[in-house]
Amino acid sequence: MESERVYEVFARKQRQDRFQHVGTVTAPNRNLARVYAWQTYDEDKWFEMVVAPRDSFSAVNLFRFPFTVNESDLG
Amino acid sequence: MNRFTNEELMRKVQEGFIVESEEDMTDDYKKALIVQLTVQGDTELISAPAYFMAARDAPSANTMVSAVAIIQDELGHANIAYRLLEDLGVDRRWLLYEREPAKFKHPYGFDQPLENWAELVTANALYDRAGITLLGDVHRNTSYGPLKRGLAKVAMEENFHLRHGEVWIRRLAEAGSAGKDAVQRALDWMFPMGVEWFGMPDDRKHHNAQLDYRLKGMTNDQLRQTWLRAVVPLCEELGYDVPARSNSDTGEVELLYELPCQYDPEQRRWLFDETLTWKQVFDRWKQRGPMNQQYVESVRRSRFDVERLLAA
Numbered sequence: 010m011e012s013e014r015v016y017e018v019f020a021r022k023q024r025q026d027r028f029q030h031v032g033t034v035t036a037p038n039r040n041l042a043r044v045y046a047w048q049t050y051d052e053d054k055w056f057e058m059v060v061a062p063r064d065s066f067s068a069v070n071l072f073r074f075p076f077t078v079n080e081s082d083l084g
Numbered sequence: 206m207n208r209f210t211n212e213e214l215m216r217k218v219q220e221g222f223i224v225e226s227e228e229d230m231t232d233d234y235k236k237a238l239i240v241q242l243t244v245q246g247d248t249e250l251i252s253a254p255a256y257f258m259a260a261r262d263a264p265s266a267n268t269m270v271s272a273v274a275i276i277q278d279e280l281g282h283a284n285i286a287y288r289l290l291e292d293l294g295v296d297r298r299w300l301l302y303e304r305e306p307a308k309f310k311h312p313y314g315f316d317q318p319l320e321n322w323a324e325l326v327t328a329n330a331l332y333d334r335a336g337i338t339l340l341g342d343v344h345r346n347t348s349y350g351p352l353k354r355g356l357a358k359v360a361m362e363e364n365f366h367l368r369h370g371e372v373w374i375r376r377l378a379e380a381g382s383a384g385k386d387a388v389q390r391a392l393d394w395m396f397p398m399g400v401e402w403f404g405m406p407d408d409r410k411h412h413n414a415q416l417d418y419r420l421k422g423m424t425n426d427q428l429r430q431t432w433l434r435a436v437v438p439l440c441e442e443l444g445y446d447v448p449a450r451s452n453s454d455t456g457e458v459e460l461l462y463e464l465p466c467q468y469d470p471e472q473r474r475w476l477f478d479e480t481l482t483w484k485q486v487f488d489r490w491k492q493r494g495p496m497n498q499q500y501v502e503s504v505r506r507s508r509f510d511v512e513r514l515l516a517a
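If you read the protein sequences in the order shown, they are chains A and B.
Numbering-wise (the numbering used here), the first sequence opens with residue 10 and increments by one.
Numbering-wise (the numbering used here), the second sequence opens with residue 206 and increments by one.
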């Protein structure tokens, strides 16, 4: 059984827009995370949506949850 | 070690400070936030089986599509609240699949059967209006950043549910006779349910952590009045009877019965002469209504089937 991970969901409405953080989903793998994100955050007709596992993010200046989940970031 | 004391945090959030992570919280703040998010998540979740029960009575393919779209939104909203809870260390599996059904925190109104299309659209008009009233206030005022952002989607979609309800109760009012009667019968038991949804009046409730920590902006009575001011004039315009009237001097809507009073879930009837204490109302809520078990079961009954297939 694959364990669930948290994925961060980013989207933008139009091609010139910046990405905005629209929410999170949990999923057992990347492909289901894509499906769950698209189904859950369907409040707009997004031009582009991406997902990434929360633990793939590294904090740059502010070392706290949710983006400081990698111990190594705290160095 | 908390960064702030309760008093410091209360002062800061009243001045506009936005809490972004647990480090910014106190234990009391976190406790109040968890209660609020649990009520929110449970309400959205249990609205889904309640609406689905009535959606099976949808009169056409188009109406079935709108009803199911609403149910899908509600499940998405529940997921947002439960995800925020999970980030606060609450076990989502326990929340969804292991809690006693009676421990769910949704309003008593969603423990009742919704038996036909008229009841579904009346629920959209009254209960989704209550949802917007409560969550709109949280969206505007909450000191918790992740919730404020999460509610942007919720607010957009709840408006659609509300419009769905209002358009349909208008349509059935205009049709008259049996259609209008069906909505009236629904209003007879659902309107007081909506009034009770907002909880104890302000003069009975002296301390409110959600207000102190700015997890919401308006008091119970202010929220109830906002709901009444939207619902009652619409019912009056459409020729439906509800036990409330607008006072033209004060601009307030006044109830024509003593709150709170007893409800008979078997007969689906309010006993307006049988007044209660709020303690008795809380007891009724805690005992839950007739559909509590069935609704909770219906969202979890197949949960472990796929896990077993994958583990085999």
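By construction, these hints were calculated from the structure, which means they are not laboratory data.
Among the hints, a few may not be true.
Label pairs and their calculated CB-CB ranges [what the hints assert, rightly or not]: (1) A:Val59 <-> B:Ala360: 21 to 29 Å; (2) B:Phe222 <-> A:Val44: 35 to 43 Å; (3) B:Thr482 <-> A:Ser12: 42 to 50 Å.
When the alpha-carbon atoms are kept at most 30 Å apart in a straight line, the in silico DSSO-like pairs for lysine-lysine are as follows [as the list claims (entries may be wrong)]: (4) B:Lys308 <-> B:Lys385; (5) A:Lys22 <-> B:Lys358; (6) B:Lys353 <-> A:Lys22; (7) B:Lys491 <-> B:Lys385.
All values reported here derive from a predicted model rather than from experimental measurement.
Glycine included, each C-beta is placed from N, C-alpha and C at the ideal position.
A quick look at each hint next to the structure:
1. At roughly 24 Å, the beta carbons of valine 59 (chain A) and alanine 360 (chain B) sit within the given window of 21 to 29 Å.
2. Between phenylalanine 222 (chain B) and valine 44 (chain A) the Cβ separation comes to about 37 Å, which falls inside the hinted range of 35 to 43 Å.
3. A beta carbon spacing of about 48 Å between threonine 482 (chain B) and serine 12 (chain A) agrees with the range 42 to 50 Å that was offered as a hint.
4. For the given pair, lysine 308 (chain B) sits about 36 Å from lysine 385 (chain B) by alpha-carbon distance, which is inconsistent with the 30 Å threshold.
5. About 14 Å separates the Cα atoms of lysine 22 (chain A) and lysine 358 (chain B), which keeps this hinted pair within 30 Å; it holds.
6. For a cut-off of 30 Å, the pair hint linking lysine 353 (chain B) to lysine 22 (chain A) stands: about 20 Å separates their Cα positions.
7. About 33 Å separates the Cα atoms of lysine 491 (chain B) and lysine 385 (chain B), which puts this hinted pair outside 30 Å; it is violated.
The structure shown violates the earlier hints numbered 4 and 7.
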